[in-house]
Amino acid sequence: MCTDCGCAPPQPEHDHKHDHASRKIRVEENLLAKNQRLAMGNRANFAAYQLFVLNLVSSPGSGKTSILERTLTDLKGKISFSVLEGDQQTDNDAERIAATGVPVKQVNTGAGCHLDAHMVGHGVEDFDLTATDILMIENVGNLVCPASFDLGEDHKVAVLSVTEGEDKPLKYPQMFQAADLMLINKTDLLPYLRFDVEQCKAFARQVNPQLKIIELSCHSGEGVTEWYDWLKAGVASKQRVASST
Amino acid sequence: MGTSTLHELSLTQNLIESAEEHARRENANVITSVTIEIGALSGVMPEAVEFAFEACTKDTLAEGATLEIRRIPALGRCQQCSQECAMESLLDGCSACGSYALDILKGQEMALIELEID
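Read top to bottom, the protein sequences are chains E and B. Residues 1 to 245 (my numbering) make up the first sequence, in order. Residues 1001 to 1118 (my numbering) make up the second sequence, in order.
This is chain B alone, in the form it adopts within the complex (with noise of 0.2 Å):
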């Protein structure tokens, strides 16, 4: 889809100003690892964040840096009958009763966890 791809550039060029930063408070010459965190139902694809990773490192300090994405899948909580169910999308109802009224208690992560600096 184009517009994901867009979503996950901005995205993506937010996450490497994000990690130069950390990374230039700590003296660093050069990123070699950046290590996140994309959840189930964040809307984020990891495959475009991929793509995305390797053209918006181009002259910073991240450039030639691997991308460990860790995927976090989705786990809500029913709020008709408290039922924690795994989610596979946010169309899913509860596993027990049905509703679809379920609280979000995990899957929405998109986050910088981790970076290996020099």
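So that you can see chain E by itself, here it is in the shape it has in the complex (with noise of 0.2 Å):
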């Protein structure tokens, strides 16, 4: 039984009859509204620990996990990291993650096409929060479902691969409007390709005027500098909110 959500066992059923007439109930709740109400309880979570909380989203195999291991391999001793994987099945990711040394869990949610705000509201029990400084979540490969999903993060942020077509914003524009910022990874491999950097960009503003675009290659290196000056910059804004309460 889980007091904070509610995920209590199936109540018994209601056995004994009434005699009512058919009525109508006036509703007007959003479909969503249990999982922005759990999203709200992770913020406020969240904000008490001043994290600065990321959910990574994108296709399967854009380059998530791998970036998140150089991350938190260049980071390490500058920013303190806990990350969340979320996979249908295996840990396969988790292990990745916890050969930099930074906490991990995973959750793997079965047939479920991505994570919930209880998932992670759960997910995140284990983890030393005062101890961190930004917990990445990252989703189920999936441009479609956690476009909908808040888990109660600061910002989504979209992987794009340059391997992926350049239309993906247009394709799925759901996800490229939710995000705050997008990440163009595998730059490197751009001389081999003929995908349209400018293109990408334009597609993307198209669907979300406000959108940061950092391109970077976890590779070679190049771009990784700018990614890193927005995670601190992050960090730093969650440390000015705290000493001005």
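There could be a bad hint or two in this list.
Taking lysine-lysine and the BS3-like style, the derived pairs with C-alpha atoms no more than 25 Å apart in a straight line are [said to hold, decoys possible]:
1. Lys1058(B) with Lys238(E)
2. Lys105(E) with Lys201(E)
3. Lys201(E) with Lys232(E)
4. Lys34(E) with Lys1106(B)
5. Lys24(E) with Lys1058(B)
6. Lys171(E) with Lys201(E)
7. Lys201(E) with Lys238(E)
8. Lys1058(B) with Lys171(E)
9. Lys78(E) with Lys232(E)
10. Lys105(E) with Lys78(E)
11. Lys34(E) with Lys76(E)
12. Lys171(E) with Lys78(E)
For the record, the hints were derived by calculation from the structure and aren't laboratory data. Every value quoted in this text rests on a predicted model; they were computed, and no experiment measured them.
Each chain sits in its own coordinate frame; assemble them with the hints.
Right under this line is the structure:
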């Protein structure tokens, strides 16, 4: 039984019969109301620990885990991370993250195609959040469903690699509209591909004019400094909020 | 689209859970009708919800209930020229000045509106 989110076993059926007439009741409730309520709870919890929380979303294979591996290794001793890994099956990604020495927890969604706020709320229970600056949540590789599920993060970060089509932001507009930052990954492969970076950025900004975009390669290291600076600014903004209250 | 059907499946499960909660609170024995709103920009396919609804209501208070889906057309307001314009998709620009910086006023709804219970 979970006291915070009410994930109790189903209540026994209501077995006595009433003599009611058929009637209408007005509900007007968002279908995601429960997830949103739990996400707000997560957000309040994260704020109490001054955590900078990112929800990494992308297609499968765009390099979310590789970006994390490089980031965690390069920023070791500068920023302390905890990582929640979402996948339908296996803890392969968690093993890769664990090899960097950063606390990690794998959440398997089974048939589910996205993480939700409930899984995240329970997923972070084992982390030492007082010793964490950034919580990275790597969502299930899927550009559709994770767009609709708020986890309590500060920002969704959409990763798109140059081995994919530059029109992905047009094909999956919900996700690129929900994101605040887009990482264009694997830029070291550009000489071998016909991927038009400027066209990709234009498509992304058509869907989301405010979107920030960073081009990087977690293989060559090109562009990673700008990404790290963005992370450091995020951590600093949390600490400023904390010291001003 | 396969993943899209999964998405609607979990939303539909949320919908039925929520409908049952409301119905139990009213001491209802059965839900005969469920009315929902789905906005044109919500990312939810009404047809997929219809399909999932039939499967997911089995052995619930809403088994056999009719599902009414009200489709809400999308409306945006241009951040540049304040023109309000109908939107077909998130890729649309302002009908007056062509800017893509539109605030979405309507069309992202996905809500349980009304239940008929017995």
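Hint check:
1. Lys1058(B) with Lys238(E): violated (47 Å)
2. Lys105(E) with Lys201(E): Since the Cα atoms of Lys105(E) and Lys201(E) sit roughly 33 Å apart, the hinted pair is violated (cutoff 25 Å).
3. Lys201(E) with Lys232(E): Measuring from Cα to Cα gives roughly 24 Å; hence the hint holds.
4. Lys34(E) with Lys1106(B): holds (21 Å)
5. Lys24(E) with Lys1058(B): holds (21 Å)
6. Lys171(E) with Lys201(E): Holds. Lys171(E) to Lys201(E) sits at ~14 Å (cutoff 25 Å).
7. Lys201(E) with Lys238(E): Violated, because 29 Å separates the two Cα atoms, which is more than 25 Å.
8. Lys1058(B) with Lys171(E): Cα-Cα ~34 Å, so violated.
9. Lys78(E) with Lys232(E): Holds, at about 9 Å.
10. Lys105(E) with Lys78(E): Distance of about 21 Å is within 25 Å: holds.
11. Lys34(E) with Lys76(E): violated (37 Å)
12. Lys171(E) with Lys78(E): violated (37 Å)
Comparing the model with each earlier hint shows violations of hints 1, 2, 7, 8, 11 and 12; every other hint is respected.
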